[in-house]
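K.L.:
Protein chains in written order, with our numbering: chain A, 1 to 161; chain B, 1 to 543.
For the record, the hints were derived by calculation from the structure and aren't laboratory data. There may be inaccurate statements among the hints.
Claimed, not checked - Distance condition first, Cα-Cα at most 30 Å in a straight line; then the derived DSS-like pairs of lysine-lysine:
| id | chain 1 | residue 1 | chain 2 | residue 2 |
| --- | --- | --- | --- | --- |
| 1 | B | Lys44 | B | Lys396 |
| 2 | B | Lys320 | B | Lys247 |
| 3 | B | Lys422 | B | Lys482 |
| 4 | B | Lys320 | A | Lys81 |
| 5 | B | Lys44 | B | Lys422 |
| 6 | A | Lys81 | B | Lys422 |
| 7 | B | Lys247 | B | Lys482 |
| 8 | B | Lys390 | B | Lys451 |
| 9 | B | Lys247 | A | Lys81 |
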Amino acid sequence: MHSTSLPHQRASGGAPGAAPPPLPGKDAESSVFGAVRDSRAFGELRRSYRRFAFSMTAAFLVLYILYVLLCTYAPHLVATKVVGNVNAAFLIGLAQFASTFAIAWLYTRFANARLDPVADWLRSEAGLDGEAGVDQEAGPERRAALTQRIDNRPADAKNGV
Amino acid sequence: MSGLPTAALSASGASDNRALTVGLFLVFVAVTLGITLWTSRRNKNTTDFYAGGRSFTGFQNGLAISGDYMSAASFLGIAGSIALFGYDGFLYSVGFLVAWLMALLLVAEPLRNAGRFTMADVLAFRMRQRPVRTAAGVSTIVVSIVYLLAQMVGAGSLVALLLGVSGEGAKKWIILAVGALMILYVTIGGMKGTTWVQIVKAALLMGGAALVTVLVMNRFGWNLSSLLAAAAEASGKGDAFLEPGLKYGATSLTRLDFVSLGLALVLGTAGLPHILVRFYTVPTAKVARKSVNWAIVIIGVFYLMTIALGFGAAALVGPKAITASNPAGTTAAPMLAEMLGGGPGSGGGALLLAVVSSVAFATILAVVAGLTLASSASFAHDLYAHVIRKGRVSEKQEVSVARWSAVAIGAVAVVLALFADKLNTAALVALAFAIAASANLPTLLYSLFWKRFTTAGAVCGIYGGLAASVVLVVFSPVVSGKPTSLMPGTDFAWFPLENPGLVSIPVGFLLGLLGTLLSRPEDDAEDKHGELEVRALTGIGAH
């Protein structure tokens, strides 16, 4: 889904070592976002988030719409008593509670294990807080170097993805 | 909730009840005002005023989200609906809870990471600021005022009913007092004070509901089946009371209306402005995720308890006594509490009634404060600072405009509530959810996940979804054509459903799509959307 335009060969002229931009701070910042976006690690983060979140969203919407349609258009089907006076309608209603809790738990477990480590790591690499990243001049070179550094990350940081 | 009778709940001992209820409620007001004053000492900059200094923990914000979400409509309304219509009342509970998955999976974390204070921060991020901020500000304020109106009108009737004061004059004074208090909370406390009001309220609401639930379940030996049997018998409708269909199963139109309502509930929650701003009150997206999880647990447990409240009221109080007090069933929960405490006239009954009634007041007050804050923040931050002053405004000026707009929006809501007290609360709440689902959610999702989305698409989506939902309601049986309509004598209704969601939500998505495809692609879409995605997913550059 992510258009794989090669990094740093886009619009901004691209002549390496061009004159320093007028607003170094702002440009430095946007070049950091560009660099992170172009990295493989971010592409994988984006894909795994979308795959998980979109499929879970589809799942809960389908379950809920099924529930609503069953209750409105097939009330006799769900009127069957199952345990004592508790009928099927109650059980599928309570199942909606259960599936909501379950999906929230699954997503949180997934995000904690698979998304957060990558996001944390990308954030520290980008270093907008003043550590690593953009302390010198901005520009296409800088962006390329940052993308490269992110993609050459040590093996242990890959565990997250 | 229109046309409430203003009789006291029980004739005997009504004035004792009233004194006790008023006393407990005043304690709540005093405590929350004290907290508001205490927390407002350091309310200087915009981050303090709009986002409570982003200093809340996941659990605190989870409670506050629950406090903002569980209005009197859900506490008293759902309990009443179940008590009168059995299973169909429970359908609401399910929709209100499931909706939170949309917020958890797609909205809360990206919003926290990429925005600062309002929904428009994210919508306008990669668009032309002025048109998109204006549209988002307008829809934020419209949704909030509709929801605010529902709460205020409900408050007037409900408080009059619970306190046993009669006459239109008393109702108007109560609306004025509620309005004045909510303006005080918001202008003095900002987000920090308002959040603490929500936390206290949520704790009280959960405590009150848990107390009644335990008493009900104890009555029935902790056996759900015998509670249901007793409710079905007392309802006079037998097993049908435990099956879907009593309220929405009548005709194919009422069924379609329920599908429409269900859609609005499940898609509207993640577009409600006063819910969205809550995600900004925590330090990081991870904490925002935690707070939504806490909210799901708290709200889920609460709606499970509505089963005991509603069927308990049906079994122990009986639909006849409930409809005699209030045709919509709003007083089912307080009456159930009175019954569990020993019945009308008993000391225990009076105490429990007072506790549940003052929890209901606290609920109304907290929700209206949350709504006023969200809409005044959007006015000051989106419309004033970005559209009118084009960003050239100091934080101090912006906060002061936010305070004054809270006064103005509060005043507008009070005046509307005073003149529109015949409006139907349930229909207004459903309308607010429908507008949020039709105008806000499509644009929010397109902005976050669709690179091609343009300014024209955002503007079309917001105004289109807003107009579709409002116009369809105006020409629906809610406004004219039926004895229960706002204008019963006239008939210009051509739209058959009471809830517009089934049509207006697809319209919102479709117009956002068409507006985008018919406009030129934005020049810097690649970079801007890339930056938004990096921010949303990683938190780089988050405020």
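K.L.:
Now tell me, hint by hint, if it's right for this structure.
P.N.:
Going through the hints against the structure:
1. B:Lys44 - B:Lys396: Answer holds: B:Lys44 to B:Lys396 is near 7 Å, not above 30 Å.
2. B:Lys320 - B:Lys247: holds, 17 Å
3. B:Lys422 - B:Lys482: holds, 14 Å
4. B:Lys320 - A:Lys81: Status holds; Cα separation ~26 Å.
5. B:Lys44 - B:Lys422: Distance of about 40 Å is beyond 30 Å: violated.
6. A:Lys81 - B:Lys422: violated, 41 Å
7. B:Lys247 - B:Lys482: holds, 17 Å
8. B:Lys390 - B:Lys451: holds, 26 Å
9. B:Lys247 - A:Lys81: The hint holds at about 20 Å.
Consistency with the previously given hints fails for numbers 5 and 6, ordered from lowest to highest.
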